[in-house]
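Chains A and B are the protein sequences, given in the same order.
By my numbering, the letter at position 169 of the first sequence is numbered 169, and the numbering carries on one by one without gaps.
By my numbering, the letter at position 315 of the second sequence is numbered 315, and the numbering carries on one by one without gaps.
What the hints contain is simulated information worked out from the structure, not anything from laboratory work.
Yeah, the Cβ is synthetic: ideal placement off N, Cα and C, and Gly gets one too.
A few of these clues could be false.
Claimed, not checked - To spell it out: a stretch of chain B is covered by chain A in this simulated footprint if at least three of its residues, at any positions, have a beta carbon under 8 Å from a beta carbon of chain A; those stretches are:
(1) 88-95
(2) 281-293
To be verified - Dumping the calculated EDC-like pairs for lysine to aspartate or glutamate here, alpha-carbon to alpha-carbon at most 16 Å:
(3) A:Lys-130 x A:Glu-192
(4) A:Lys-218 x A:Glu-357
(5) B:Lys-280 x B:Glu-294
(6) B:Lys-327 x A:Asp-272
(7) B:Lys-327 x A:Asp-86
(8) A:Lys-80 x A:Asp-272
Said to hold, decoys possible - Sample of chain B residues lacking proximity to chain A, with all beta carbon distances greater than 10 Å (derived):
(9) Ala-12
(10) Asn-40
(11) Arg-199
(12) Arg-235
(13) Val-260
(14) Asp-269
(15) Glu-315
(16) Arg-322
(17) Asp-324
(18) Arg-379
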Amino acid sequence: MNDLETVIGLEVHAQLLTRSKMFCGCSTAFGAAPNSQTCPVCQGMPGALPVINRSAVEFGIRTALAVGCRVNEHHRFARKHYYYPDMPKNFQISQYEEPLAEHGVLDIEVGGSSRTIGIQRLHLEEDVGKLIHEGPLETAQSSTVDFNRAGVPLMEIVSRPDMRSPAEAAAYLRTLRTIVVYLGVCDGNMEEGSLRCDANVSLRPAGSPELGVKVEIKNMNSFRNVQHALEYEVKRQVRALAEGEKIVQETRLWDPERVRTVSMRSKEYAHDYRYFPEPDLPPLQVEARWVEAIRATLPELPAARRRRFAGGYGLSAYDADRLTQGRALADYFETTVREYDKPKIVANWVLNELLREMPADDDRAVAACPIPPRNLAGLLRLIDDGTISGKMAKDVFETMYRTGQDAPSIVAREGLTQVADAGELRRVVDQVLAAHPKVVEDWRGGKKAALGFLVGQVMKATLGRANPALVNQLLGEKLPKG
Amino acid sequence: MLTRLTIEDLAARFRRGEATPSQAAAAYLERIEALDGRVNAFLTVTRQAALGQAAEADARFTAGRPLSPLDGIPIALKDLLCTRGIRTTCGSRILETFVPPYDATVMARLRAAGAVLLGKLNMDEFAMGSSTEHSAFFPTRNPWDLDRVPGGSSGGSAAAAAADLAAATLGSDTGGSIRQPAAFCGTVGLKPTYGRVSRYGLIAFASSLDQIGPFAKTVADAALVLGVIAGADPRDSTSVDVPVPDYRAALEGGIAGLRVGIPAEYFIDGIDPEVEAAVKAAIEVLRGLGARPEAVSLPHTRYGLAAYYVIAPAEASSNLARYDGVKYGLRVPGGRDLIEMYGRTRAAGFGTEVKRRVMLGTYALSAGYYDAYYGKAQRVRTLVRRDFQEAFERVDVLAAPTTPGVAFTLGEKTDPLQMYLNDILTIPVNLAGLPGVSVPAGFTTSGLPIGLQLIGRAFDESTVLRAAHAYERATDWHLRKPTLEAPPR
Ligand SMILES: [Zn+2]
Chain A
1 MNDLETVIGL EVHAQLLTRS KMFCGCSTAF GAAPNSQTCP VCQGMPGALP VINRSAVEFG
61 IRTALAVGCR VNEHHRFARK HYYYPDMPKN FQISQYEEPL AEHGVLDIEV GGSSRTIGIQ
121 RLHLEEDVGK LIHEGPLETA QSSTVDFNRA GVPLMEIVSR PDMRSPAEAA AYLRTLRTIV
181 VYLGVCDGNM EEGSLRCDAN VSLRPAGSPE LGVKVEIKNM NSFRNVQHAL EYEVKRQVRA
241 LAEGEKIVQE TRLWDPERVR TVSMRSKEYA HDYRYFPEPD LPPLQVEARW VEAIRATLPE
301 LPAARRRRFA GGYGLSAYDA DRLTQGRALA DYFETTVREY DKPKIVANWV LNELLREMPA
361 DDDRAVAACP IPPRNLAGLL RLIDDGTISG KMAKDVFETM YRTGQDAPSI VAREGLTQVA
421 DAGELRRVVD QVLAAHPKVV EDWRGGKKAA LGFLVGQVMK ATLGRANPAL VNQLLGEKLP
481 KG
Chain B
1 MLTRLTIEDL AARFRRGEAT PSQAAAAYLE RIEALDGRVN AFLTVTRQAA LGQAAEADAR
61 FTAGRPLSPL DGIPIALKDL LCTRGIRTTC GSRILETFVP PYDATVMARL RAAGAVLLGK
121 LNMDEFAMGS STEHSAFFPT RNPWDLDRVP GGSSGGSAAA AAADLAAATL GSDTGGSIRQ
181 PAAFCGTVGL KPTYGRVSRY GLIAFASSLD QIGPFAKTVA DAALVLGVIA GADPRDSTSV
241 DVPVPDYRAA LEGGIAGLRV GIPAEYFIDG IDPEVEAAVK AAIEVLRGLG ARPEAVSLPH
301 TRYGLAAYYV IAPAEASSNL ARYDGVKYGL RVPGGRDLIE MYGRTRAAGF GTEVKRRVML
361 GTYALSAGYY DAYYGKAQRV RTLVRRDFQE AFERVDVLAA PTTPGVAFTL GEKTDPLQMY
421 LNDILTIPVN LAGLPGVSVP AGFTTSGLPI GLQLIGRAFD ESTVLRAAHA YERATDWHLR
481 KPTLEAPPR
């Protein structure tokens, strides 16, 4: 049998972080009482009309520019019809023939090599509501609908079928997520559903230009699920083809519990969406000036920033990558470096100490961090000027995180100032040497490890506050030469 | 009799203290009580609310501070305009119990102007029809002959205006639904330019064609009402931000030198000879007033009807998808599952004509048929629009019959196609989004009203109204009233 090539395309839906919904003024805030954030428009009341949320369009354009899409001068909305009770009008306002933007690219890195994935289109649409069933769907006696989510702006980004492995698909999704989070257009939370991903998977003989029969995979609500589901599906198709079966075009749901994809009854999903231009919304003109104004405000994107962190600051590729996963964390790092110009040390403290304390590394967590960059820089300066030791600094850091106070205040209040007074330390050294003549003898006899013991005794006597370098220096002076 | 007065005269009496809004509201309510049992124009009469609003208007006049030329004026609305807290049925069983939590923009503007709402008016279900026989509740009758239809779909609005059951009413016009019943009932009916009046709160039939407009006893009254309801609305993205002129002031000045186009294609085969004669006589009246009639051609007129019966049902099939028993209105329970509940609800909730159009539209939008039907209809629409543009390079307004015939008897037209042909002379105006008015232009020998249709350039309601006003001044058709007072037997 010929070698088979895997072909994967992804459709990613990102909930936009606009304050109001796509076509009405209702709030998009999460977690309000059911149906408390609704109005005649997003409930699909008779006579209500949609009005385009300009900031959602702006978020779409930001993203389009970040992934190199061409923003269409004219775009328009269309109605996509299907009956489902979570959709108040029984059609979704989406975009079809004239999307907001097209023809972009995304560079991904997998196993050290990089690939370019094409982006076919980026368009805007409205989210649907949430159904709450009384018990499991199959036996529920009744269901209720919460329309709070109905009408929340969604951005759909459709890739070209350019990915050749589940690992590439996962890398594409991760890269895209980092970008939308960086741009501040989406919080990127897959578990909460603000970022959703469907995949089209097919196989073909390696090198064939034609696409095989594609299967759509849905319900993959985490990065892990995406990779697992795609790995499963590729194996399933390979096995099916090996056994001489035909792949049928269908939609399959990933079942993370049973670790497999399950076919949905095709009848329910054999939709004719009957798209036609939304007559309630005139075609939208996107003026070039507006696009350029948005382009001018684009932040540095993760890939560029990662390269700059590695090159400019001399960080390892791994550290640069970790620091640029979120815009806020990268900003935190750079702000600290501006006040304390030793990037590698700052990177170590941020990645090891700070991330150990923080609940997550996303923008929200960084924004809530009780240690502002200025305070971290202040702490590091106290180590440099010998006020505290590196070991003490870690304790001070924990106190800073707990209390939100800056390092000098904590050091002063707790009397933690390092003993760097040579006169005082000299007395302690004399006492230690006098108390341990045997050890001094050992040292003279060539037992170098004895020095460590003596340093430890000095530190103990000073409750850890002695400047270790000074202790070493003084011991060197006092100890009889061997 | 207060109910005979035009809005202008009634408002003058309010100002002079010779009458009060409460007296006017009471007079209209009394007349509705006495006569609407025969006309059946109203689906809902909001008596208490009307008297309350009128009392507030009384106080404003007493204080010498009326809100607008419509303050205290009793009006009524077609029952597809949402009214907060007042049942709005759209003439359909599926919305029989629907009480909107909000006002349509036109209702909000009328309220702000101080108008007094008498109630909601009958219509063909979802505005689909030309006779008001497709109301799910009962047919409305033509005040000139109770055995005849008032036209439609705004039949209740036209009949109420003609029978003096309201000082003015609002209707909606998708393919002629204001102008055709205005012609049948011998009243003034104005369809403004698409985008001139906000559609927010108008229960949609065909979104790209629907437009709200007034019925009134005179052209001047229609101009006053238009002045209150017109203007861009941030809630309707298809409303257009073009300045709203003082329509009342724009009526004056006469029509000397006005170029009036007479489209040959509007005098079709099968047109009622009495209608043709009346409209030609009306054109001569315009000529006598100094206008310059000339022949023009709108060559794609004959394709308008076909294009309309693709576009309007296509949009309707989409707009009506929301009536599914889940959120509001009728729900027929007992189905085994959701799909069956949808089916039962829509089967029971929609009438035959609505179902027919939903099916037509669903078909026209289906994969594989879209280009052949919807796509082609849109191209025809462009050609129809271009016809008008070319004509308006030469003339200022067009004059034509509103309808090929006069009011027919109830139950007469059983073939849907025969019914659709009623709108053949009004539909092209909707396809092009232009303003059009129907004004009384005579009567048949059997005493049925005939309408003259005047069509203008986009957003040039002023010229249309000025020509209509000049014609009305020179004739007395609008002064004739149907006799309803005598008991039927
Ligand atoms: Zn809303």
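Whether Glu-315 (chain B) stays farther than 10 Å from all C-beta atoms of chain A, as the label says:
violated (6 Å)
Exclusion check [Arg-199 (chain B) not at the chain A interface, CB over 10 Å]
The assertion about Arg-199 (chain B) is violated, with a minimum of 7 Å to chain A.
(Q) Checking one constraint from the list: CA of Lys-80 (chain A) to CA of Asp-272 (chain A), max 16 Å. Satisfied? (A) With Cα atoms ~9 Å apart, Lys-80 (chain A) and Asp-272 (chain A) stay inside 16 Å; holds.
Note to self: Just to make sure I understand the rule, a stretch counts as covered if three or more of its residues have a C-beta closer than 8 Å to a C-beta of the chain. Does the region 281-293 of chain B meet that for chain A?
What the structure shows: Result for this restraint: violated, n = 0.
Checking a non-interface call: every C-beta of chain A should be farther than 10 Å from the C-beta of Arg-322 (chain B). Is that right? violated (5 Å)
Next on the checklist: Verify this label for me: Arg-235 (chain B) is non-interface relative to chain A, using a Cβ-Cβ cutoff of 10 Å.
Outcome noted: violated (6 Å)
Exercise. For Asn-40 (chain B), is the shortest beta carbon distance to chain A beyond 10 Å?
Worked result: The assertion about Asn-40 (chain B) holds, with a minimum of 23 Å to chain A.
Taking the shortest Cβ-to-Cβ distance between Asp-324 (chain B) and chain A, state whether it exceeds 10 Å. violated (6 Å)
Subject >> Agreement of Lys-327 (chain B) and Asp-86 (chain A) with the hint, judged by alpha carbon distance not exceeding 16 Å >> reply: Roughly 10 Å between the alpha carbons, so the hint for Lys-327 (chain B) and Asp-86 (chain A) holds.
Classify the label on Asp-269 (chain B) as holds or violated, using whether its beta-carbon is more than 10 Å from each beta-carbon of chain A.
holds (33 Å)
Q | Minimum Cβ distance from Val-260 (chain B) to chain A greater than 10 Å, as the annotation requires | A | holds (32 Å)
Holds or violated: Lys-327 (chain B) to Asp-272 (chain A), with C-alpha atoms at most 16 Å apart: violated (24 Å)
Hints 2, 4, 6, 11, 12, 15, 16, 17 from the list above are not met by this structure, while the remaining hints are.
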